[in-house]
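Chemist: Counting from 701, one number per residue, gives the positions in the sequence shown under the numbering used here.
It is possible that some hints are incorrect.
Estimated spans, in silico, between C-beta atoms of each pair [what the hints assert, rightly or not]: (1) GLU711 with ASN772: 43 to 53 Å; (2) GLU762 with ARG883: 45 to 55 Å; (3) PRO714 with ALA1108: 33 to 43 Å; (4) TYR1061 with PRO1086: 21 to 31 Å; (5) TYR1061 with PRO1006: 14 to 24 Å; (6) ASP1070 with GLN764: 48 to 58 Å; (7) SER1231 with LEU1093: 42 to 52 Å; (8) LYS1133 with MET942: 40 to 50 Å; (9) ARG963 with PRO1006: 18 to 28 Å; (10) LEU1227 with LEU1253: 20 to 30 Å; (11) GLU1188 with ASP1090: 53 to 63 Å; (12) SER831 with GLU762: 32 to 42 Å.
To be clear, the hints were calculated from the coordinates, so they are not data collected in a lab. Note that the structure is a prediction, hence the values are computed from the model and not measured. Glycine is no exception: its CB is placed at the ideal position from the N, C-alpha and C atoms.
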Amino acid sequence: MYMLHAFEGNEFTPVTGSGKNTEVLSRSSWNRQRSTNKRLGIWSRVFTRAGEVRAALERGAEPQEDLQPLVNQLLRMLTGRSGRIFQLARKHLSLEDLLNIRRRMIGTGPIGGKSIGMLLGQAILKKADSSWEDFLESHDSFYIGADVFYTYLVENGLWWIKQKQKDPDAYLDGLELARHQMRSGSFPDYIIEQFADLLEYFGPSPIVVRSSSLLEDSFDCASAGKAASVFCMNQGSPEQRMEEFVSAVKTVYASGMSADSLRYRSAHGLLGRDEQMSILVQRVSGMAHGRWFFPHLAGVGLSFNPYVWSPDIEPEAGVLRLVFGLGTRAVDTSADDFAHVIALNAPERQPGTGPEAVRRYSQRKVDALDLESHGHVSRDFMDLAPQCSDLHLDLFASRDHEVERRAAKSGLKGVFPWFLSFDRLVRETEFFKRIRQMLGILGDAYGHPVDVEFSANFRSEKLYRINLLQYRPMRAKTDAIVSEPPAEISDEDRIVDSRGPVVGSSRDVSVDRLIYVVPSEYSELVLNDRSAIAKLIGRFVGAGADDDSRHTLII
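The whole structure should be built from the sequences, with the hints applied where relevant.
Modeler: What follows is the structure, given as structure tokens:
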């Protein structure tokens, strides 16, 4: 009832795809019926001035104040940043972009690293090549400012608990109680009113509530995966949807108090810095297929490929971890399944060789939202796909002729013979060429290898939209120089060499000790003796543990 509908023939059909919903709704102004907030002070005044300057520019009149100092002030208010990210935002985000952020904002304060990265990525692509307007899925995200987090802490008596976590001697004390209290608090009525307007805007479309702290996705510290993202099915009565949404916001706030997050900050010398938590609320990219909601493709892209399994691969071309369905399966590696790894200069070059390896290492499970049970679930592809009659199945999957042959021989009926190979996607579309271009543009803008998260939805092999979900500097180990190996090494100076897959960049490191376990001897040992070898190596390595400058090479 509350969804957009398309008038086709003589019928109104609900629009379930994220792309069309966003395309229509993002062009309309958000009507804050209940949340015309009068408490904003300096924020209201600065953004009112910015609106007046933009209106003067549109009329062709001379604005009453200089544009760039005003833009710089808005950027500092919205990003809370200085340095390289601030300079990138200053270069690529216009006055209109900043005013659009404010229009879709709840509360005040910086909007955090994840939000800034997503907005920067979209702006950089469109500025570099206008054709990206046709390939990027529009976004209609909302931002819960960092000041809402502070308000929540103060109003619920949590301020001093948060401050205690800056103490390097006591930052892990009482964490469970602190997280429980964080999840048990309440928001002031004027914030709840704005939450209600946000939920009314999205209607029954699934949304995801994502952390976007001030330290997240920066050049200095990625903080990747340390705070939560929570899917909201956004179904049911307004009261049910509000309860689910508020719980998700509290869960994200509490995740910043996890032991993992605090240890990471301690290890990077960040405990003393103010870690304000803002939140990015996004429409989940995808389409409804009956009870299941998911995008056709999702993945993680790196503009530099450290996984070189073939001489044909160019590291500078980038690499993808690609999955069918929600990208959670690409972001978080799974012990019981595989993502599809694509070298972007040679997408047909798979790590495995031969048809049997392709089938064996294909993705078997799909992450999706279950709109009936209101959960984020994993389902076998062979069980889920037959329930989704409107999929472009042959674009993403191939028929397993061996399975068909065995089924026919055994007289079995209704066997699902498809497996996820992405063959036609590689051979017959420009999709991977477009992704490679995207990573190249974004990496050039940062002047640094980048890491992106994305999803994609297809209407046909030529008509698709890419949703850029996250954009940040690629994090890498930097305790050694990345270098090319020497061109010539004499046989007498070569200790070991290897041909075949190489994982990671070349490094030039002085080695102080070498421990070599002879494979042919080790393979003959019984299990207890193998364990004894491992313990012996542990003692060797532990003997130098107090000297961080010593490097041990273990072969």
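Chemist: Does each hint fit the structure? Answer for all of them.
Modeler: Verification of the hints:
1. GLU711 with ASN772: 43 to 53 Å: With a Cβ separation near 52 Å, GLU711 and ASN772 satisfy 43 to 53 Å, so the hint holds.
2. GLU762 with ARG883: 45 to 55 Å: About 52 Å separates the Cβ atoms of GLU762 and ARG883, which means 45 to 55 Å holds.
3. PRO714 with ALA1108: 33 to 43 Å: At roughly 40 Å between Cβ atoms, ALA1108 and PRO714 fall inside 33 to 43 Å, so the hint holds.
4. TYR1061 with PRO1086: 21 to 31 Å: holds, 23 Å
5. TYR1061 with PRO1006: 14 to 24 Å: holds, 19 Å
6. ASP1070 with GLN764: 48 to 58 Å: For ASP1070 and GLN764 the Cβ distance comes to about 54 Å; the hint holds.
7. SER1231 with LEU1093: 42 to 52 Å: holds, 48 Å
8. LYS1133 with MET942: 40 to 50 Å: holds, 44 Å
9. ARG963 with PRO1006: 18 to 28 Å: Given a distance of about 26 Å, which is inside 18 to 28 Å, the answer is holds.
10. LEU1227 with LEU1253: 20 to 30 Å: Holds, at about 26 Å.
11. GLU1188 with ASP1090: 53 to 63 Å: 59 Å Cβ-Cβ, so the 53 to 63 Å window holds.
12. SER831 with GLU762: 32 to 42 Å: holds, 35 Å
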